[in-house]
Every structure is written in structure tokens, then in C-alpha cells.
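Chemist: Since the structure of chain A is provided, determine the placement of chains B and C on it from the hints.
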Amino acid sequence: MAASFPLNAWYAVAWDHEIRHELLARTICNKKLVFYRRAADGCAVALEDACWHRLLPLSKGRLEGDELVCGYHGIAYDSHGRCTFMPSQETINPGACVRAYPVAERHRFVWVWPGDPALADPALVPDLHWNHDPAWVGDGRTIHVNCNYRLVLDNLMDLTHETFVHGSSIGNRAVAEAPFETTHGERTATVTRWMRDIEPPPFWRAQLGRPGNVDRWQIIRFEAPSTIAIDVGVAPAGTGAPEGDRSQGVNGFVLNTITPETESTCHYHWGFVRNYQRAEQRLTTELREGVARIFREDELILEAQQKAIEDHPDHVFYNLNIDAGAMWARRLIDRMLAAEAPPRLQAAE
Amino acid sequence: MAASFPLNAWYAVAWDHEIRHELLARTICNKKLVFYRRAADGCAVALEDACWHRLLPLSKGRLEGDELVCGYHGIAYDSHGRCTFMPSQETINPGACVRAYPVAERHRFVWVWPGDPALADPALVPDLHWNHDPAWVGDGRTIHVNCNYRLVLDNLMDLTHETFVHGSSIGNRAVAEAPFETTHGERTATVTRWMRDIEPPPFWRAQLGRPGNVDRWQIIRFEAPSTIAIDVGVAPAGTGAPEGDRSQGVNGFVLNTITPETESTCHYHWGFVRNYQRAEQRLTTELREGVARIFREDELILEAQQKAIEDHPDHVFYNLNIDAGAMWARRLIDRMLAAEAPPRLQAAE
Amino acid sequence: MAASFPLNAWYAVAWDHEIRHELLARTICNKKLVFYRRAADGCAVALEDACWHRLLPLSKGRLEGDELVCGYHGIAYDSHGRCTFMPSQETINPGACVRAYPVAERHRFVWVWPGDPALADPALVPDLHWNHDPAWVGDGRTIHVNCNYRLVLDNLMDLTHETFVHGSSIGNRAVAEAPFETTHGERTATVTRWMRDIEPPPFWRAQLGRPGNVDRWQIIRFEAPSTIAIDVGVAPAGTGAPEGDRSQGVNGFVLNTITPETESTCHYHWGFVRNYQRAEQRLTTELREGVARIFREDELILEAQQKAIEDHPDHVFYNLNIDAGAMWARRLIDRMLAAEAPPRLQAAE
Numbered sequence: 400m401a402a403s404f405p406l407n408a409w410y411a412v413a414w415d416h417e418i419r420h421e422l423l424a425r426t427i428c429n430k431k432l433v434f435y436r437r438a439a440d441g442c443a444v445a446l447e448d449a450c451w452h453r454l455l456p457l458s459k460g461r462l463e464g465d466e467l468v469c470g471y472h473g474i475a476y477d478s479h480g481r482c483t484f485m486p487s488q489e490t491i492n493p494g495a496c497v498r499a500y501p502v503a504e505r506h507r508f509v510w511v512w513p514g515d516p517a518l519a520d521p522a523l524v525p526d527l528h529w530n531h532d533p534a535w536v537g538d539g540r541t542i543h544v545n546c547n548y549r550l551v552l553d554n555l556m557d558l559t560h561e562t563f564v565h566g567s568s569i570g571n572r573a574v575a576e577a578p579f580e581t582t583h584g585e586r587t588a589t590v591t592r593w594m595r596d597i598e599p600p601p602f603w604r605a606q607l608g609r610p611g612n613v614d615r616w617q618i619i620r621f622e623a624p625s626t627i628a629i630d631v632g633v634a635p636a637g638t639g640a641p642e643g644d645r646s647q648g649v650n651g652f653v654l655n656t657i658t659p660e661t662e663s664t665c666h667y668h669w670g671f672v673r674n675y676q677r678a679e680q681r682l683t684t685e686l687r688e689g690v691a692r693i694f695r696e697d698e699l700i701l702e703a704q705q706k707a708i709e710d711h712p713d714h715v716f717y718n719l720n721i722d723a724g725a726m727w728a729r730r731l732i733d734r735m736l737a738a739e740a741p742p743r744l745q746a747a748e
Numbered sequence: 400m401a402a403s404f405p406l407n408a409w410y411a412v413a414w415d416h417e418i419r420h421e422l423l424a425r426t427i428c429n430k431k432l433v434f435y436r437r438a439a440d441g442c443a444v445a446l447e448d449a450c451w452h453r454l455l456p457l458s459k460g461r462l463e464g465d466e467l468v469c470g471y472h473g474i475a476y477d478s479h480g481r482c483t484f485m486p487s488q489e490t491i492n493p494g495a496c497v498r499a500y501p502v503a504e505r506h507r508f509v510w511v512w513p514g515d516p517a518l519a520d521p522a523l524v525p526d527l528h529w530n531h532d533p534a535w536v537g538d539g540r541t542i543h544v545n546c547n548y549r550l551v552l553d554n555l556m557d558l559t560h561e562t563f564v565h566g567s568s569i570g571n572r573a574v575a576e577a578p579f580e581t582t583h584g585e586r587t588a589t590v591t592r593w594m595r596d597i598e599p600p601p602f603w604r605a606q607l608g609r610p611g612n613v614d615r616w617q618i619i620r621f622e623a624p625s626t627i628a629i630d631v632g633v634a635p636a637g638t639g640a641p642e643g644d645r646s647q648g649v650n651g652f653v654l655n656t657i658t659p660e661t662e663s664t665c666h667y668h669w670g671f672v673r674n675y676q677r678a679e680q681r682l683t684t685e686l687r688e689g690v691a692r693i694f695r696e697d698e699l700i701l702e703a704q705q706k707a708i709e710d711h712p713d714h715v716f717y718n719l720n721i722d723a724g725a726m727w728a729r730r731l732i733d734r735m736l737a738a739e740a741p742p743r744l745q746a747a748e
Numbered sequence: 400m401a402a403s404f405p406l407n408a409w410y411a412v413a414w415d416h417e418i419r420h421e422l423l424a425r426t427i428c429n430k431k432l433v434f435y436r437r438a439a440d441g442c443a444v445a446l447e448d449a450c451w452h453r454l455l456p457l458s459k460g461r462l463e464g465d466e467l468v469c470g471y472h473g474i475a476y477d478s479h480g481r482c483t484f485m486p487s488q489e490t491i492n493p494g495a496c497v498r499a500y501p502v503a504e505r506h507r508f509v510w511v512w513p514g515d516p517a518l519a520d521p522a523l524v525p526d527l528h529w530n531h532d533p534a535w536v537g538d539g540r541t542i543h544v545n546c547n548y549r550l551v552l553d554n555l556m557d558l559t560h561e562t563f564v565h566g567s568s569i570g571n572r573a574v575a576e577a578p579f580e581t582t583h584g585e586r587t588a589t590v591t592r593w594m595r596d597i598e599p600p601p602f603w604r605a606q607l608g609r610p611g612n613v614d615r616w617q618i619i620r621f622e623a624p625s626t627i628a629i630d631v632g633v634a635p636a637g638t639g640a641p642e643g644d645r646s647q648g649v650n651g652f653v654l655n656t657i658t659p660e661t662e663s664t665c666h667y668h669w670g671f672v673r674n675y676q677r678a679e680q681r682l683t684t685e686l687r688e689g690v691a692r693i694f695r696e697d698e699l700i701l702e703a704q705q706k707a708i709e710d711h712p713d714h715v716f717y718n719l720n721i722d723a724g725a726m727w728a729r730r731l732i733d734r735m736l737a738a739e740a741p742p743r744l745q746a747a748e
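Residue numbers (our numbering), protein chains in the order written: chain A, 400 to 748; chain B, 400 to 748; chain C, 400 to 748.
Looking at chain A on its own, in the form it has when it is part of the complex (with noise of 0.2 Å):
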């Protein structure tokens, strides 16, 4: 079977604050990888985590100042990967190497390109920005998930399950109501959504902290293959947010990428961020955690989803209206996928 994942990809690791000078194992693509910071310049590593002798994880390893000594017979190699010493012998196999994986570090994540290293520009890292830019605070997690990374990113791009999963803090029947308009570029796929003179959903009450009803908005930016960044917020219906004044109300980001682990399981990244009462770090932690607590009910109907989906191996999906976004992405991510095939492959098409 295909991989479902585009290798030519910067792909999210791991926060920044979470690769140190020690060995970090993790699977990205199907690829057993080990990554650390070098000790001379910071910089971090992404190296493939087996012994170019007998295969042991490199992991399982040490550092050695900035080289990796695998824990079996003590062969090292430094952060390129080339081999520097092997055990009773003088002369190291030229030979002797781990592969090494072009690395980025942008917007408070580490990301890694598991494809051809020749492509690795910098400049394609994913749009984060607003998790690294001073005029938004705020935090987030990494979490396992048990199912394809796409069905992720079908959960975020159609919001109209917030009424039906998460009824208790930002769904209501408006979500799954309100109009929504679907665009896209060569990467991009945008949906936009407003709730005009709604019943705000209790979480966002909350945020604004005062009563009447609401203008609110979801506007949900796909980048292929699988970084998406949700411009979320309420104002008080009537003081212009749906005509560019957000001026009365509360904004926030959810930003959210996923990085396949194996075709049935992901690492699932997301923050958010806010605009509004910037230097209340008690509110920073709840929103974490009221956030951790809303994907968690989302986690539940991935996995399921995953097992209904292994379980029907041949199954074809019906489409609804609300899933424009998703087929959008999913598009994309096909188009990249294209891309990749070899080309007597693409010939046969």
C-alpha cells in the first residue's frame, strides 16, 4: 500500500524547549529517527536511529560531547552521521554511516524533512508565525493519536462537530447551522464561517465576559500537507467583526500540525494562542488545559473512526456539504503525493 504522507515535507518534531543535549527517539513517517542539540552551536540533530553495524537503536546509545556512541560496541558517529570509531580495529569502513535528515527550527517547533534533502528549503516550513509572535500569548501540548493524521485533519477542517462532540464549552447547534464558504490555493485550502447574532457557546462567553449575543467566527487555514491554523473569536453581534472591526471582541488562534508517526497513528502538535489579556498567565493555563480537555473528546472518535475505518478496508466515503474543507486538503495532499510517485508510475495513470 502507499504511504498516505508526502515525504518532501517539513514535518513538526517536537516543541523546541523538548530537544535537548540528549537522545530523543521518535518515529516520523515510518522512519525510526534520533534527535539532540549539538552542545558546540544549539543546533539540532535528526539522525537515523539504527547502527550502521547491527542495527541497534542509536537511542538506546550516548552522547559523547556532540557525537552518538551506540550502546551495543561503542561505534560513534557525529552529528553528519559519518562514522568515527569502531572497536578493536584502526581503520573505520569508509562506508560507515547513519543517514542524516535536513532540519528546521521555526516557530517554536523542531520540524524534520524525511525526503530528499536536495528539496529541503527552509522557506516551506509551515505558517506558525502567530506562536512565536509577541502580539499572541499562550501554550500548547503534543499528543498521540491512534488514527491516520488525515482524519485529523478532517476534524479540524469541518467545525460542525463542535456541536455534537464537544456540546459542553464550544458547541452549539449555530455551528452546525451557519453558512460557510470554501476557497483554496496551491496549498492552501480556506473555510470561512460566521455566526452572525448567536447565543455565544459557553467557553466564549467566558473569553468576552460579558452577556448578549454574538458575531462569531471560524476561519480555518489548511497549509498542505498537514499544518492548519484556526482564527477563532467572538464579538458583540452588531459592532462591525464580520466588516474587519474586531475591535470589541476576543481573538484567538488554534494552531494545529500533525506529523504522521505510521499510517495509523500520529503526533499531534497544537497551541493557542490569544490577543487579548496577554499577561494573565493563570488564563494561559486554563486555556490549555480547557483546550487538552476538548481534543481529548476528539481523540476518543479518531481512534474509533481509525478502528470502523481498518475494519472496512474497502470502503468508499460518502461526501457531505460540510466536507468541502476536508476534500480540499485532501486534494492537496494527493497532489503532493503525485508529485513524489515515480515516474513510470505516473505514467500508467
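Honestly, I wouldn't trust all of these hints.
If several chains are the same, the list does not tell them apart, and a pair holds so long as it fits within one copy or across any two.
To be verified - Calculated cross-link-like contacts (lysine-lysine; reagent style DSSO-like; alpha-carbon spacing at most 27 Å):
#	residue 1	residue 2
1	K459	K706
2	K459	K431
3	K459	K430
4	K431	K706
5	K706	K430
Derived by calculation from the structure, the hints in this document are not laboratory data. These numbers come from a predicted model, not from an experiment.
Modeler: Relative to chain A, chains B and C alone:
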């Protein structure tokens, strides 16, 4: 591999009191189903447990009145499986539905017909009338066993195993030594064993409540594909039980109906009813718990046997005289399977 | 996939004291076997652990005298595997039996021959005589390791790993740096390493009980298919040990015999015996516990290596100088496997 269970048959889903106005997920004959009882008329309902839209198990959703609402996007179905609501759109795709299965309620069990609904004749529900006949009183349980359902049938069709598996309760040498007779009809097979003038095993001595030898009987009646009612009892030796006068004895029925879950697991519904000391609620409880203990002894054997069979996938089994009843049961099942096979396969045999 | 272990060989089942007049189930070379010691003459018995009738593991049954009675229908077998009783029938099917396997008892282990019984010559039991020789004293254990048995052999045939895996006890740089010699015979391969005038690692300093440099030796003797006896010790530097006079030193043998359970698991029987302070029971216990701690360090490496190999099924391994001994061990095993291959396959090579 062809399934080992016919689909055109009634299988017990659960005890009647277990199906309530709430969602119950159960896999039957490899089909994931969701059950509930309608509020409107109290009838039990069986639907495919996978939403038409994205396959999420409907059992993860909720009832709204007698409609089932998916827990992801709120797609709603009536109790016939027809879609009645889709989010964010006015019209409903006319093909949107989940499969509904015929259900019957009889003998204190709810039954489902996983095969062709046109053939689902309620008159074909297996005979377990003792379970609701006021002349008999008792109780039972459902256990989940990790073995193919036919291994439970084999176990029940030959009770010589009581001697070796249940030596502390109902087994003794007499069962393994007594001769027996096997007869069969179109859908039934019967094994009759009389043990005359024997010392009763502990269980039956306690039921009879007096010393001395007994005439003991075991009349095992199989009804295809997976129901077995066993007429069991003892009477003081020489008081005429073998000739038809059981008036001095005690008589019970072990009621068993086994529902395939998968090829290697099953739901085993059993009850024990008696026609003596019927007002003694305490005895009903003691018997249910006692039989449950005995069946746990079988469970260990059956699960070990299943594992051994999986370890020897091509093993051809040898049969002993004691296997005559089980062989007839399997033959009647095979006839049902052959009747369900596609015509071309039948011709090829 | 062809098995990685020859069948025509003696494999250690258990320590002699572990085989008693009770049933012990153990899988050896993918064969499920049941072992017990006869009451009549104390001999160990190995039978196929699956009843002829319905495959129930006989280890779930019980001994009656020296006969094994199946726990399901009471079918009985003598210690040669011949059926002696069937329930409810006078005659016994003449073919009814389970396979019996040749057993030997030597060097404090019970051994079984899973292959052709005609070839089971007790003279072929691997040499571990130190384990019962009064000149040596010690103790050992059996551990279950989740790796192919040859990974344990690789580990033992190259002790440079001590430097990296066991740095706190028996390893230091000298092991990885010292030269070694490899020789081999028809069924044996030997790796000899002398480390002259070195600082001893903590373990050996404690055994020798005096300060100063030592001459240290490791003479690793492999006997196909899976037994390795390692002559280890230290003597004060310059007292003549390399030339044959070990009288000033301390000497031990690490005795290892590894029994394949499946392709990816094994039973690893090991002992450590010494020829010094033989009356010190406390030292015997300390050494057994100390070696057990060291072997747990190996176990973590071996199981990680097995998983990595399963993740890279087609990997071709590179070999270093240090692998010379392990390569000879594998070559001798491959010869045994080739000798067992069906003639046609041999011709095709």
C-alpha cells in the same frame, strides 16, 4: 476462509432485560451491530454500527427519542436505519441509511437474524420455551468465550468431559462409562444417556436431598445452528424414571444458545431451570452461581483448545464414540452452510 | 521462511531440579512439549503437548502414576506417548498416540532432541562438564529473552561489548582494544583474547582481592548449535598466566546454552562456576546475582536489536573484525541446517 456459521439463522443477542432504551454495541457473526429498545412501542432494534458518512460506530452516539444520532457530525437515523438529519444542508441524500436487521424476542432472549431478511421467519427461533414457562424456574448468564462457537457445542454434546473437567461437582466415572444413544432429525440431534443405579455426584445428591443410589439422565437436544437444551436429573434408583415416571426425582434443564462473535470468539448464553422447590429464590441464586463456576472450568479448556487449533491449522481430527453427537451437530451446521453457499460453489463440489 | 535452528541437536530444556513428577509445558524449536519425571525410575519424559483427540494441551491435564491423563475427556497416555485409555469405549484406536522425544540428562540440565530420534546420540550433548565437576562450584539461572537465539550467541562470541554495555562491572577499554585470535573445528569455534598488564575492571579486582595490574583472559568456546563455555579470569600481571601458570589467579567459567523457543524468542540457561573459595556459599549467591544483573543489561540490548531486525527484514549486515567469532558460529550452524535440508533443496544450491 469461509465462515463457520450460517447467517440465515436467529442468534441470541442478549437477555431481554439487557436491551433497554440505550445503545448496546455487540458483534454478531463478524457484524458490528448496535441495539436498543424503542421508547414508542418497546420493540428491540438492530442496526449496523457504522455511520453512513464516516463509519464512526453509532453506538458512540446517542438516542434522541427513538432516533439514533451519530456522535461525530450529528447525522440522525430512525429505527429502520433511514437518515433523517444531515448537518448544514437542507436536503438529505436519498441513499443515506444504515442496514437494519430483523429482530425477534422470545424465551427471555432478544434474537437477531444476520442473513437475508426475507427468510427471517420468527417461527424458526430455537426452542428454549422452558426459560419462560411458569412450570420451570431459574436464571442464567452470558459469558464471552475466546473460542469458535462450535467448540462449545462439542463440549455440550458430549458430557463424558464432566468426569474429567467437573469432578468436584457433576462429574463422576459413571458418565464416562455409561452407554448412550444418538438420534437426529432435519435440524436437531439428540444424545440420550441413562446411568442406572449409580452413586450420584455431589451436585445431584444435594439437589435430591436424600441418600442412596440414583438413576441419572442426560438428554441433550441440539437445534441447528447453535442451541442446546439438556434435560438432566436424578431419581432414586428403581423408582421408574427410565420408564417415564420421574415423580420421585428432581429435574432440570440446562439451556444453552451460543452466538458467534467472530471465528474465534462467541457469546455464550446459558440458563438453568428446574421444576422443584420453585419458590426458593435462594436456590435459584445458588444454582446460577454453581453452574457459573462449572462453566468457568469449561471456559479454560475451550480457550486452550482454540489456541491449540490455531497452532495446528491443518490438523485433521480423530473422532471417538463419544463424539457422535457433536459430529451430527456439525453435520447439520454444514448443511446450513452449504445451502447458503453461492450456486457456482455448490456445483463445483 | 526456513527455521534458523537445526532440529537434530540436543537443547537444554531446564535445570535438572526443575523437572519433577509434575507437568511442565515448554516450547522448544517451535514445538509445544510437556515434560515430567517418571516416579518409577526418575527418568525425564518429553511428549508432544497436544492430545491426539482434540489437541487440548496435555499439560492442562494431570499425572496418574506415570501416565498423563488429558484434562478434557480423560484420554490417557503412557510415558512413551501410547494411548492407554479412552472414555466410553472398550477398544483403543491402535494409532492413538502422541509423539515422544528423546531426552538426556547431563551437566545439571535436562536436554531434548527435537529432530530425528534415530540420530539422538547422548554423546552429542554439548560439553558443560564444569557445571557438575567437583573442582568447580557455582550456580545459574534460566531467562527468557525475546530475541532469536543467534543474537545471544553473537553477543557472547564478541566480548568487546562489555566495554559499552557492562562498563560498571566487567567492561573497560582494554577489552575493546586487545587483539584476539579465532580458531575453529568441525563443530566448535574459539575466540581467545589476552589482555596483559591491564588495570582490572571492578568485578575482577574484587575476585582477585589484591591491588595491581593483571593479565586477563577470555577464551570463548562455541559448540554448535548453541552452547558457549567461556574460560575467564585474571592473574597478577607477570605471574605467568599467559604461559600456562594460572596458580596466582582466579578462574571462572561462564556456561551458556541457548534454546530456541520460536524464531524470535529463546530460553537462555546460564551458570557461573569458579575454582576458588569454593566453600563460600555466600560468594556463590553473590556471583549468581551479580551475573544476573549483567545479563539483564544484555537482555535490553538483545530485545531492542531483535525489534530493529524485524523492522528491517531485508537488511544485509556489515561485519567488523570483532565479528569473526560470531561469523564462525553462524557458519557452523548453517552447515547443520544445510545437512537437514531436504535432498532436492541441497541439489538446487
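Chemist: If you check each hint against the structure, which ones fail?
Modeler: No hint contradicted; all consistent.
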